[in-house]
Amino acid sequence: MRGPGFLESIEAAFPGAVVGSQLEALDPWVEIAPARIADVCRWLKTAGEPRFDALECITAVDWFEPDAKKAAKVSWQPHLEIVYHLWSTTARASLVLKVNLPRWSGDVAGHLPELPSVTGVWRTADWHEREVYDLSGVLFTGHPDLRRILCPEDWVGYPLRKDYEMPLDYHGIRGR
Amino acid sequence: MSNLIDDDPRIIEFDVRTDEMLVNMGPQHPSTHGVLRLVLRTDGEIVSETEPHIGYLHRCAEKIGENVSPRQWIPYTDRLDYLAAMNMNLGWALTVEKLMRHEVGEKARHLRVLIAELNRIGSHLVGMGAYGLDLGTFSPFLYAFREREKILDLFEEACGARLTYSYITCGGATADLPPGWLQKCEAFLDQFEPIIKEYHALLTTNAIFVKRTAGIGVLSREMAIDYGCSGPVLRGSGVDQDMRRDGESIYTGMYDGYAFEVAVQKDGRYPRDHSYPSVPKEAVLGDCWHRFFVRMLEVVQSMDLVRQAIDRYAACKEPLGEPMKLAEKLPVGDAYLETEAPKGQMGFYVVGNGTSIPWRVRARSSSFSNLSVTHELCRGCLIADVPAIVGSLDIVMGEIDR
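Residue numbers (the numbering used here), protein chains in the order written: chain G, 1 to 176; chain V, 1 to 402.
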């Protein structure tokens with residue numbers, strides 16, 4: 001979505017919700033404050049112009065470098081980035097929303113960061129959020145049925161985290 | 001939910017209410033198209049709740065993508081939708097090309113259209129044949145595989161593989177078509193065209209088939225969009241959307257100059273209505289029959305596109321060009337691209353960080369979203385209709401579990 005005034009219309013509806021944007025990028029994106037994401041999404045689907053009536057994908061990107069030598073050189077602070085790819089079937093336009101979260105809530109390893117769920121906005125978010133929870137470890141508050149979807153229910157850890165270590169053993173099956 | 005069951009005419013007809021029972025279908029069940037487990041909550045023959053359990057085929061494809069270069073990940077894309085591996089290769093190759101702002105030459109472009117559309121025919125043939133199996137008829141399956149075998153022969157000649165091709169790759173294709181291939185492809189199309197009538201006679205207009213599919217599993221337009229459905233499932237509900245026409249310019253540019261009409265019902269009519277059997281009276285827009293019919297129309301549409309691509313490809317005299325290097329460095333940034341694979345919109349997301357290994361790779365599969373609508377479609381249907389509904393979504397577990 002490259003249209004002029006689009007960013008301003010979100011700003012006007014939700015003052016302070018837009019915390020960053022990059023409209024010159026390959027896929028222009030808007031960064032939303034974590035606490036506001038569900039409200040902004042509901043507005044984008046029902047009131048904004050054009051209406052983004054379809055959610056295509058939710059992705060979590062783990063910005064963390066486990067190698068200390070390489071980590072000293074990177075330009076970013078460790079964080080989790082949740083990327084929402086939206087689509088408007090009427091205007092045939094796409095929109096990318098990003099949300100930055102701490103890797104662990106309160107910086108305590110194992111405490112999952114929380115983010116409002118958008119299942120109330122698009123029902124397809126149900127499975128997509130379960131997948132992000134399963135593989136990247138994000139707790140979606142307000143999700144009706146947040147449990148693992150691809151991994152077994154008793155799996156330990158979040159495989160798509162960069163510091164994830166493959167278990168050596170799972171019910172007697174050798175891991176490495 | 002209880003209202004829905006109380007209002008169901010079939011309940012009144014059978015006039016039975018028994019204790020609820022949990023029925024387990026799969027993960028090894030012939031009608032689940034791979035390893036899908038469905039847990040049904042039933043009241044006698046009526047299903048009140050369906051819970052799909054997925055993940056039996058999870059192979060950490062995305063994690064592997066974070067450890068290999070984009071071209072090395074091409075073979076893993078083969079194994080997403082293994083019935084349309086060429087389309088998977090194409091989706092990933094285009095996404096990487098979008099991130100690198102790379103554009104392939106004319107010849108590679110027409111070659112890609114030709115190969116991808118041919119694979120779409122193959123994929124829809126499996127979808128059609130397997131759907132027949134789901135409904136208890138064996139012969140359409142054999143008819144479909146007889147023709148698909150010829151497509152596989154063509155692919156084998158082009159790239160050496162029959163299922164996992166890794167043919168289309170970042171920056172072009174691994175090799176040019178061998179001499180004489182185009183003639184063989186044309187001969188196949190000529191031979192295949194009249195056969196489609198047989199398929200329509202065997203399934204589309206078959207009274208039993210119509211009874212099993214028409215009016216079953218009706219997916220409304222709004223629900224299809226809300227659940228992120230795509231491809232024939234979305235178009236079967238009457239939503240006029242096809243990424244080959246509506247997608248991003250790097251993808252739609254591939255189809256520049258190609259004439260095709262999106263297979264969707266508009267004002268009660270399908271494109272080129274006169275040349276196909278008419279829609280049966282019992283069929284409701286968005287039901288299993290329509291989803292199946294859209295696939296059948298796309299077979300003809302793809303044949304048209306292959307014919308056009310053959311002419312354009314043959315007219316290109318320059319060489320195909322070399323694909324990207326194996327360890328080409330990716331720029332910092334991210335790119336997301338959706339392409340129209342046979343099963344629906346296949347999205348790939350890649351995050352580059354200046355090295356040749358992507359920081360993050362994501363595959364958004366159409367079957368994943370299409371399957372998530374099952375519990376809505378199966379609510380209140382008969383147990384025997386569950387395979388009919390799941391089959392009409394034409395899912396492939398490879399791309400759901402990744």
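I should point out that these hints are in silico values taken from the structure, not numbers from a laboratory.
Heads up, the beta-carbon is just placed ideally off N, CA and C, and yes, glycines get one too.
Wrong hints could be hidden among the right ones.
Here are some chain G residues the structure puts well away from chain V; computed CB gaps all over 10 Å [said to hold, decoys possible]: (1) Ala54; (2) Asp62; (3) Pro102; (4) Gly106; (5) Trp122; (6) Arg148; (7) Cys151.
Partial list, derived from the structure: chain V residues whose beta carbon lies under 10 Å from chain G [unchecked claim]: (8) Asp190; (9) Gln241; (10) Asp311.
These are the hints, each one checked on the structure:
{"no.": "1", "hint": "Ala54", "verdict": "5 Å, violated"}
{"no.": "2", "hint": "Asp62", "verdict": "8 Å, violated"}
{"no.": "3", "hint": "Pro102", "verdict": "18 Å, holds"}
{"no.": "4", "hint": "Gly106", "verdict": "25 Å, holds"}
{"no.": "5", "hint": "Trp122", "verdict": "6 Å, violated"}
{"no.": "6", "hint": "Arg148", "verdict": "8 Å, violated"}
{"no.": "7", "hint": "Cys151", "verdict": "6 Å, violated"}
{"no.": "8", "hint": "Asp190", "verdict": "36 Å, violated"}
{"no.": "9", "hint": "Gln241", "verdict": "6 Å, holds"}
{"no.": "10", "hint": "Asp311", "verdict": "29 Å, violated"}
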